[in-house]
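Kindly produce the complete structure, drawing on both the sequences and the hints.
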Amino acid sequence: MALSNSLHAEMYRRMLRIRLFEEAAVELLQRGEIAGALHTTPGQEATIVGACIPLSDQDYMVGTHRSHGHPIGKNAGLKRLMAELLGRVTGVNRGKGGSMHLADFSVGSLGETSIVGSGLPVATGAALGSKMQKNGRVTLCFFGDGASSEGTFHESLNMASIWKLPVIYFCENNGYAISTPASQTVSVKDIAIRAAGYDMPGHVVDGQDVLAVHAVMTEAVERARRGEGPSLIEAKTYRYDEHAMGLPPSNYRTAEEIERWRQRDPIKLFKAVLSEGGMNASEIDAIEAAVKTDVAEAVKFGLESPLADVAETYDHVFVDPILPLQSA
Amino acid sequence: MALSNSLHAEMYRRMLRIRLFEEAAVELLQRGEIAGALHTTPGQEATIVGACIPLSDQDYMVGTHRSHGHPIGKNAGLKRLMAELLGRVTGVNRGKGGSMHLADFSVGSLGETSIVGSGLPVATGAALGSKMQKNGRVTLCFFGDGASSEGTFHESLNMASIWKLPVIYFCENNGYAISTPASQTVSVKDIAIRAAGYDMPGHVVDGQDVLAVHAVMTEAVERARRGEGPSLIEAKTYRYDEHAMGLPPSNYRTAEEIERWRQRDPIKLFKAVLSEGGMNASEIDAIEAAVKTDVAEAVKFGLESPLADVAETYDHVFVDPILPLQSA
Amino acid sequence: MARVNYLAALRDAMAEEMRRDPRVFLMGEDLRANLYGSSGGLLDEFGPERVIDVPLAENGVVGVAAGAAMVGMRPVLDITISAFLYPATDQIISIAAKSRYIYGGQTSVPIVIRSSMFYNAGAAAQHSDRPYSMFMSTPGLKIVAPSDVYDAKALLKASIRDEDPVLFFEDFNLWGTAARLPDDEEIILPLGKAAIKREGADVTVFAIAGSVSLALAAAKILEGEGVSVEVIDPRTIKPLDVETVLTSVRKTGRFVAVDPANRTGSVASEIVATVSERIFTSLKAAPLRVCTPDTHIPFAAHMEKGLYPSTESIAAAVRKVMAASKPQ
Amino acid sequence: MARVNYLAALRDAMAEEMRRDPRVFLMGEDLRANLYGSSGGLLDEFGPERVIDVPLAENGVVGVAAGAAMVGMRPVLDITISAFLYPATDQIISIAAKSRYIYGGQTSVPIVIRSSMFYNAGAAAQHSDRPYSMFMSTPGLKIVAPSDVYDAKALLKASIRDEDPVLFFEDFNLWGTAARLPDDEEIILPLGKAAIKREGADVTVFAIAGSVSLALAAAKILEGEGVSVEVIDPRTIKPLDVETVLTSVRKTGRFVAVDPANRTGSVASEIVATVSERIFTSLKAAPLRVCTPDTHIPFAAHMEKGLYPSTESIAAAVRKVMAASKPQ
Ligand SMILES: Cc1ncc(C[n+]2csc(CCOP(=O)(O)OP(=O)(O)O)c2C)c(N)n1
Ligand SMILES: Cc1ncc(C[n+]2csc(CCOP(=O)(O)OP(=O)(O)O)c2C)c(N)n1
Ligand SMILES: [Mg+2]
Ligand SMILES: [Mg+2]
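Sequence order for the protein chains is A, B, C and D.
Counting from 1, one number per residue, gives the positions in the first sequence under the working numbering.
Counting from 329, one number per residue, gives the positions in the second sequence under the working numbering.
Counting from 657, one number per residue, gives the positions in the third sequence under the working numbering.
Counting from 985, one number per residue, gives the positions in the fourth sequence under the working numbering.
In case anyone wonders, no lab produced these hints; they're calculated from the structure.
There could be a bad hint or two in this list.
[Said to hold, decoys possible] For lysine-lysine, the following PhoX-like pairs were computed, each having C-alpha atoms within a straight-line distance of at most 25 Å: (1) D/1268 - C/940; (2) C/982 - D/1268; (3) D/1235 - C/940; (4) C/907 - D/1268; (5) C/940 - D/1304; (6) C/940 - D/1310; (7) D/1268 - C/976; (8) B/492 - A/189; (9) A/164 - B/517; (10) D/1235 - D/1304; (11) D/1304 - D/1181.
In structure tokens:
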């Protein structure tokens, strides 16, 4: 099946792009080229890519503080993302947003907000807008297990349901909000069970299996496009890294737990599926080589890019500032 | 059964106290003695009293903007409530709170807040405090169908569940948030179904049947006292009056709908139950006469009470103001 | 010219903009029932798709409006009472005000958030706030506070056309006012431009929203005493038209700032600080503020009524400034 | 005397108060893991019942603290980054600040809400706010912003003992500082009392939190230029110790207010307005503000670093005030 083969190749490519992009970013952080901290996603690539692949570039997506991978999953180019991490004027946000806001609006991003839970209403509103505009677009809203406890979760799902909005709430349950286990702060084992409280379908899916995520997401997208309303999907997944690279390590998790999850590495698992499915090694190697090149070029592009003029600090506060901003 | 007889008599008495207290208040409003608007509850007396009766004066209760009845249900005296509606210094809040805040802390009230949904976290906190103090007290938290859409609902129920707090979330679903039908803004038919999303029991009960409310509430209180955690109860009920007396009437409901509910008036229904159960007419008459006297005395007390000294305006901003407040 | 009431003028502004621009739509509580009086007839003309009743979920609703705006809609949101902005603070500040900046100009959030300052209405502490000053320190927000019927209509139309998020504060004390407005020509005013509502030579009185008419009345009284008062209405709190104020104070040498908000942290404080800093040597006497003292608002009318700026307190401040700077 | 780091001083303050008063307990995100560095060892000493990790639900959590306080507990809540106060604004203002007033003194809400102002940290616009000024206009709240290690400990202890709700703002730029503190005697400071951190004769410099040390450094430089600077640290933003400032300015005749918050609506604006209004005739030159300009905070370091008050910008302002008022 050529079509499915090319789809699978694309899934593999995107997962690898996320993994290698972040590895390169962490290296730049450790070399002091990137300032601050990076909330990385190794371990969560299948949830991201499985969720994004069923969407087109015209569909919308809302990310979180941990969203280097999401724009990549949604088909963004790597150069302007890397430049943003480096604070350069060529970055997607011209250096103003940085790691926690790595949003490329040209592929449907509507922002990656670092106030946990604050993206859910925005995604809901985008879906309302799309419905009013009758353009068939769907909005994918990522959020974490931690975010599921915020009031915005409830307010958003209720509105999406009563208005039958084309939005998919996609919870990446990686088991922790920073150091706090979901089992201590989330009152149900499966967050997806809450879908019943909003009269919408809820799905729990293995977040390490990109095909499983893709399947359940495809169903939700079709439902949304048919005008039947929102869905809630919960992918069980894991982050191997600390909450953020650049912060001191903490010991709220055991080495065994981390190792257990590493055994089910989504990229490794899917590579095996591809091989079994008949993709030959040279094809896979070609994908990997291409991704490596892209990442290397993105790093080069970023490092060679200039910083924004300091005067730009005062741009983009308003579309129309009306009066000159006062200086201090 | 004498005990049950006296309990039933007390239920009847409290429902009647609510009904007649509010009738007197509305009359004072129409005579211009009370300023502003009154959010009244005729039709909802059984939900209030059925919910409050299983509690002692030491247990806590949080009310809403529509809470003249709740302190009465919780065993408050009428005089200081009526004085508060009249803005007198003898009022429960010394005239500072008025109709939307008719809270008598001496019977366990923790406030009746007019920011819809804002009482749920407070109730949750009181339950946390009680649990830490190991005093066995239970907190009853009233809220409306409209309030159920606020983020505070979700945040509160989640916390109460994970900490197994002795709190009962009691939704008086009267079908409307001002003019907006719950069917248009609440994504489920029964709000109580959401209990499953917090791993707690949920109950739907006929809010016009004081014994049914009492039974389900008793079960929830016992559960809470046993340390097994919170419950969510939804009573289906109705308000006969406009959203607030003193506002212009609106026509979002049909006369038939109102009439249908009036047929199931909770006081009338319970009076029939009492008669059938063997309470004789003279006993019932005696209760009614006593309530009438109490209400009349409360009105007299209120009207004869003085206003607060204007200087009191600046009291109670702080417990310890530290510096004199500046005047304008 | 037709005589138009304040609330009808707001309704007309919205209707005109909805006719002009199909992207404009309304969201709010009880809009369809026209509960607050500024949405009469809109449901009939524009249908339920463009006149949307929302659940009680202020934070979520603001975020929904923001999301819809990001995909090209122009939501006008009625939050009703200003205090209900508090639950929505996060979406207002973290999302609406900041998104354009964070994403380096990739997006914009053209929403209007209307709310009424319900002070002087016997509505007690939770409903009587005048919180525009709280949002003054947040870059990226525009804040509008009209002082009469004409301005209300003209500024609401400008706000709807503006590309930035606008908080539009309606003063309850103006609800009952009416004025003749042209019915053949469109009225619109630029944001960020103050109005000299009365010219004068001796003292500049800066006044906001409902206090402008009080300042004008004070000016009339003072005219009889031989004092010529210039009254400036900033119309837009943010951006604040500082130049018009400075020009006036350069001429008069005396300054009184009137603000119905609490004194500390008020717009009056801000403009007094700016005038003192920028044109200290033009001042003939200490600039004065006339505000509401730093207290919550009590229910009882006799305690509430003296709290806000009045014609008398404004006139007294002007007399004080004049006395402190007798012409040499 | 032991050398104590800023964060450890905060921890010690909490530990001491928890030992002293069994009603004191801690709530916050990731407290048990000591993520932010000010809760090390507390879980071991006080156990999980008094060191409570909460879900992400800021509004709910503040309300829970308020409710617990209303029934006699003394919660100390760590909201971590100051921007996370925004989702909690409603419970802070409508409940914590207003309950005592609304209920005419029947209750009080002794809670401490700690949060860190994470500016100058490359954390971009959603994490870098300094929002104390936003809460300045709300009566009933106390606001504390310590400027060094000693004050941090002594003021946190005072805040925990205070009977009113306190917002306690910690300046990230002080996290790395340390000082010798007595280990044999208790240190505590009264709220509402400013500190004269350096005496001087020519100019009064008012400075807040992290800007106090910058003002002291500027004073040192200016000393070399023959200018004697008095540095006043208000310690408490609300209530603000206006008298100490006025006494100083009466002496020096010159005033500079330094505030790391955005200029518009700042505490600097408030104190400049108050000084101008109250002791205009004592001023020899225009009072000046040194603040952060009205912009969001960009990610890229080269754009962020020049935004905040600095030793140089403070010194420049002092020179400007001196030049504008050459001794005659
Ligand atoms: C409103 C808010 N509260 C707290 C934080 C601090 N914070 C940043 S990430 C995070 C954990 C989020 O957990 P989750 O939603 O599960 O996402 P994950 O980090 O696991 O991807 C917290 C508490 C924040 N950014 N915003
Ligand atoms: C946060 C907030 N939003 C809106 C309002 C205005 N308001 C007052 S009562 C009410 C309806 C509440 O409905 P419900 O919770 O069902 O209570 P009911 O009035 O039916 O008793 C509304 C919208 C408010 N007081 N607070
Ligand atoms: Mg997580
Ligand atoms: Mg209702």
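For residue 907 of chain C and residue 1268 of chain D, compute the direct alpha-carbon distance and say whether it is at most 25 Å. Distance of about 21 Å is within 25 Å: holds.
Hint consistency between residue 982 of chain C and residue 1268 of chain D [alpha-carbon to alpha-carbon, up to 25 Å]: 20 Å, holds
Against the 25 Å threshold, does the CA-CA distance of residue 940 of chain C and residue 1310 of chain D hold or violate the hint? Roughly 20 Å separates the two Cα atoms, so the pair holds.
Taking 25 Å as the top limit, are the C-alpha atoms of residue 940 of chain C and residue 1304 of chain D close enough? Holds - the C-alpha atoms of residue 1304 of chain D and residue 940 of chain C are around 21 Å apart, at most 25 Å.
Are residue 492 of chain B and residue 189 of chain A close enough, with their CA atoms no more than 25 Å apart? Distance ~15 Å between residue 492 of chain B and residue 189 of chain A Cα, so the pair holds.
Would you mind confirming whether the straight-line C-alpha gap from residue 1235 of chain D to residue 1304 of chain D stays at or under 25 Å? 18 Å, holds
Take the C-alpha atoms of residue 164 of chain A and residue 517 of chain B, compute the straight-line distance between them, and say whether it is at most 25 Å. With Cα atoms ~15 Å apart, residue 164 of chain A and residue 517 of chain B stay inside 25 Å; holds.
25 Å limit on alpha-carbon distance, applied to hinted pair residue 1268 of chain D and residue 940 of chain C: Between residue 1268 of chain D and residue 940 of chain C the Cα gap is close to 13 Å, so the pair holds against 25 Å.
Sort out whether residue 1181 of chain D lies within 25 Å of residue 1304 of chain D, counting only the CA atoms. Holds. Residue 1304 of chain D to residue 1181 of chain D sits at ~22 Å (cutoff 25 Å).
For the pair we were handed, residue 1235 of chain D and residue 940 of chain C, check the Cα-Cα distance against 25 Å. 21 Å, holds
Does the alpha-carbon distance linking residue 1268 of chain D and residue 976 of chain C stay inside the 25 Å limit? The given pair, whose Cα atoms are some 21 Å apart, holds under the 25 Å limit.
Against the hints set out earlier in the document, no violation occurs for any number.
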